[in-house]
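Chemist: Please put together the full structure from these sequences, using the hints given.
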Amino acid sequence: MYTIVSADFLAENIKKFEIDAPRIAKKRQAGQFVMLRVSEHGERIPLTIADSDVQKGTITIIAQGAGKTTRELNRLNKGDTISDIVGPLGTPSHIENFGTAVSIGGGVGAAIAYPTAVALKKAGNYVITINGARSKEMVILEEEMKSVSDEAYITTDDGSYGFHGFVTQKLQELIDSGKKIDYVLAIGPIPMMKAVADVTRPYNIKTVVSLNPIMVDGTGMCGGCRVTVGNELKFACVDGPEFDAHLVDFSNLSDRNKIYISEEKASAEQDEHRCQLDRNS
Amino acid sequence: MDNTTLTNKERMAIPRQEMPAQDPGERIQNFREVNLGYTPELAIKEAMRCIQCKDPVCIKGCPVNIKIDEFIDLIAHGNFLDAAKKIKEDNVLPAICGRVCPQEDQCEKECILGRKHKPVAIGHLERFVADYERETGNITVPEVKRSTGKKIAVIGSGPAGLSCANDLAQFGHKVVVFEALHELGGVLMYGVPEFRLPKDIVRTEIEGLRKMGVEFQTDVVVSRSVTIDELLDEEQFDAAFIGVGAGLPWFMGIPGENLVGVLSANEFLTRVNLMKAYDFPASDTPVFDCKGKNIAVFGGGNTAMDAVRTAKRLGAEHAYIVYRRSEAEMPARVEEIHHAREEGIEFLLLNNPVEFVGNDQQWLTGVKLVKMELGEPDDSGRRRPVPVEGSEYILPIDMAVISIGNGSNPLIGQTTPDIDFSKRETIVVDVNTMATSKENVYAGGDIVTGGATVILAMGAGRTAAKAIHEKLMGESHGFDEW
Ligand SMILES: Cc1cc2nc3c(=O)[nH]c(=O)nc-3n(C[C@H](O)[C@H](O)[C@H](O)COP(=O)(O)OP(=O)(O)OC[C@H]3O[C@@H](n4cnc5c(N)ncnc54)[C@H](O)[C@@H]3O)c2cc1C
Ligand SMILES: Cc1cc2nc3c(=O)[nH]c(=O)nc-3n(C[C@H](O)[C@H](O)[C@H](O)COP(=O)(O)OP(=O)(O)OC[C@H]3O[C@@H](n4cnc5c(N)ncnc54)[C@H](O)[C@@H]3O)c2cc1C
Ligand code: SF4
Ligand code: SF4
Ligand code: FES
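Residue numbers (the numbering used here), protein chains in the order written: chain E, 1 to 281; chain H, 1001 to 1482.
Think of the hints as simulated: they come from the structure by calculation, not from any bench. Honestly, I wouldn't trust all of these hints.
Stated by the list, open to error - Mimicking EDC-like on lysine to aspartate or glutamate, the simulated pairs with C-alpha atoms at most 20 Å apart in a straight line are: (1) E/K27 - H/E1235; (2) H/K1291 - H/E1346; (3) H/K1199 - E/E40; (4) H/K1060 - H/E1026; (5) H/K1276 - E/D249; (6) H/K1276 - E/D198; (7) H/K1276 - E/E72.
Please read all numbers here as calculations on a predicted model, not as lab measurements.
Modeler: This is how it looks when you write it as structure tokens:
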């Protein structure tokens, strides 16, 4: 059992948790994640370790309510417990002083990009962050991102805050302004990551994405998380989750992530129903 | 009948006692165990078939040399609890081995009766006494020696790790088992389905270890959460045993293998067994909806049989085994093949997949198969299958399960460079002690042999325990006490 030390909403539907997990806190590096199972009947889902505090023995995770499990998680509060958390999993981000590094986070992707942005800064990079959201209310980690950035930009789809448009437009603007960019990290929805890869490809800018295939064990045992990178088969949970964006077969990833779409819907509806019953009683 | 006065001729005249089983039509609707177990009467009758050979060759067939003649004699005399104790001198997991050992290739293959009649049902008898002991609540917790003050890390909780932990605890060592998953038991929990090995049996075995003082830590991936060096140096373990199994599923590398609906047997079985997806949505983890669908499993081993019979139970209309050789070459236990046939599994033997095909949404719709024929024997003496030209055809399927074996998980090797691995990615050990190239680190089970059997993994765990004990305590506390 893992105890939640603090729990706060960062935006509608996006919640940040600090959880007591000393072993993981001690070992984790940027780019790594945990597999977590909320309760006995729960599914194992992957969530990035956004931060950790070795002294306190805690890790921080930030979850967006996407379906049954993440919503169930987001209903938990300080003092509640989580059945299982295993980690840190995955290969840590490859960090070096690239020169100018752009870290792009779309939606909850900002939470995943944040620890790597911290590490890039520490390694001496000139760090530019682009944080994209649907609208002003959905912007997360603005202050945190600013504190590790030499330049920090926010973009919103509806223009309610910051740059009006997509993260890719902002990135293109930076490139067009003549800035020499040496490294791009992009984390967010699959179409966004693909779009970023398309923007940087003609300029030959090294671009890394963190992939989000469906995982079961997270230890390399099931092959459910396999992705195609440069025509090679890779297991995202052990070989990744970060890969060279210019080599990833995004369309295969996006197709494969749809396998349980009707089950996910049924599960979410059942959860909705259960909540309603709770509220009524 | 008086057990002691029967002549050999009379004994051999008794037919082999059939294992009572759930009716096939009924059992494909549930996940309960297929075999129901002998009654005491059946067990005694079967035990009376054993002619108590002067040279019991059956023992040579058992990888851990259970005193088969002796335990069967005890059953024949109705001493079931003593029979259980006798088995446990050599095998700490009899309820499991009695169910899953490939007896026809081991003990029962050697049984002298098999030459003219059917061999004694050694596995069924072993299972019977183990179940009898458990169900009557007469399990004796083995005596644990006075604490030695030594602390040993066991990595992985499959049969290799559990049996190693068992013996080390008995020697008086403090044992901590580290398991990557949230459940203990290894393949016995996430691979082998409930209908072949009820999970309560595995849990009871683990409870027994807890009672002996063994500590279990789940959710720890050794090499990621903590490295072997950290265990030995910072956490002050005196030795470590690696029993992490063969965990990395192989794919076939043919076109279309990444279509939606193609998965490994490990994934399919883990979803159903470990994550209880058969109970979706009460359990949160989904599994491919097999109801009314056509499912093909590629392979011919126990894993393939488990996957295909699971698909049938999840409601598959057609559940196929696609295997490129003939039935004689199938590595699965004969009983599983027999049960699968009874359950309506369709066997496409001498068929090899060349390509998966899908629709424009990239969902699997079928597999292109080529028929094979057996050619000249190869170096191993097995007749090699060769494709029949022009025999390709498309079998319409909705889900494909790949079950062609497992390689080793690379994690331990990556973080412990001073452990030698073979070209086949297995850990190299001294077979007499299971010692690796790294001081005080031992290994056994599938990580050493590649995918093998429960009994071999268990035997390796025990060999390592003995060697670790000897190493830590010096010669004076060596083998004689064991
Ligand atoms: C390495 C990695 C790191 C991640 N980090 C974060 C993070 O920090 N914060 C965050 O909010 N989300 C993160 N995700 C995504 C998160 O795991 C999914 O949102 C979550 O699993 C959805 O589960 P659900 O039951 O709530 O929703 P569901 O309704 O089950 O699914 C919603 C969508 O999530 C994806 N998904 C479903 N089950 C799984 C699964 N077992 N494994 C992976 N994806 C799945 C599918 O694409 C699905 O369409 C990460 C994913 C990966 C692979
Ligand atoms: C579906 C299936 C059916 C089978 N049927 C039979 C049968 O009928 N008869 C038979 O004799 N054999 C059968 N086998 C083979 C048999 O199960 C294996 O040979 C045996 O389980 C090997 O035991 P092990 O202890 O070496 O490893 P495993 O049982 O694989 O256990 C290894 C354990 O280590 C854990 N682990 C892995 N890496 C780490 C790490 N880094 N840190 C911590 N823990 C880790 C794993 O999660 C797992 O729990 C079957 C196998 C499968 C997959
Ligand atoms: S352990 Fe396996 S091989 Fe040995 S006697 Fe029992 S069933 Fe036979
Ligand atoms: S070989 Fe067969 S008959 Fe002889 S002792 Fe063994 S089990 Fe009994
Ligand atoms: S999640 Fe199972 S191998 Fe990666």
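Chemist: None of the hints should be skipped; say for each whether it holds.
Modeler: Evaluated hints:
Simply put, E/K27 and H/E1235 have alpha-carbon atoms about 14 Å apart, close enough for the 20 Å limit, and the pair holds. Distance restraint check for H/K1291 and H/E1346: the Cα-Cα separation of roughly 17 Å lies within the 20 Å cut-off, and the hinted pair is therefore satisfied. Pair hint H/K1199 plus E/E40 holds up; C-alpha atoms about 16 Å apart against a cutoff of 20 Å. Only pairs whose Cα atoms come within 20 Å are accepted, and H/K1060 paired with H/E1026 is rejected, the gap being roughly 38 Å.
A distance of roughly 31 Å separates the Cα atoms of H/K1276 and E/D249; the hinted pair therefore is violated under the 20 Å criterion. At most 20 Å may separate the alpha-carbon atoms for a hinted pair to count; H/K1276 and E/D198 exceed this at roughly 41 Å. At roughly 19 Å between alpha-carbon atoms, H/K1276 and E/E72 fall within 20 Å of each other, so this suggested pair holds.
In this structure, the hints that do not hold are numbers 4, 5, 6, in rising order.
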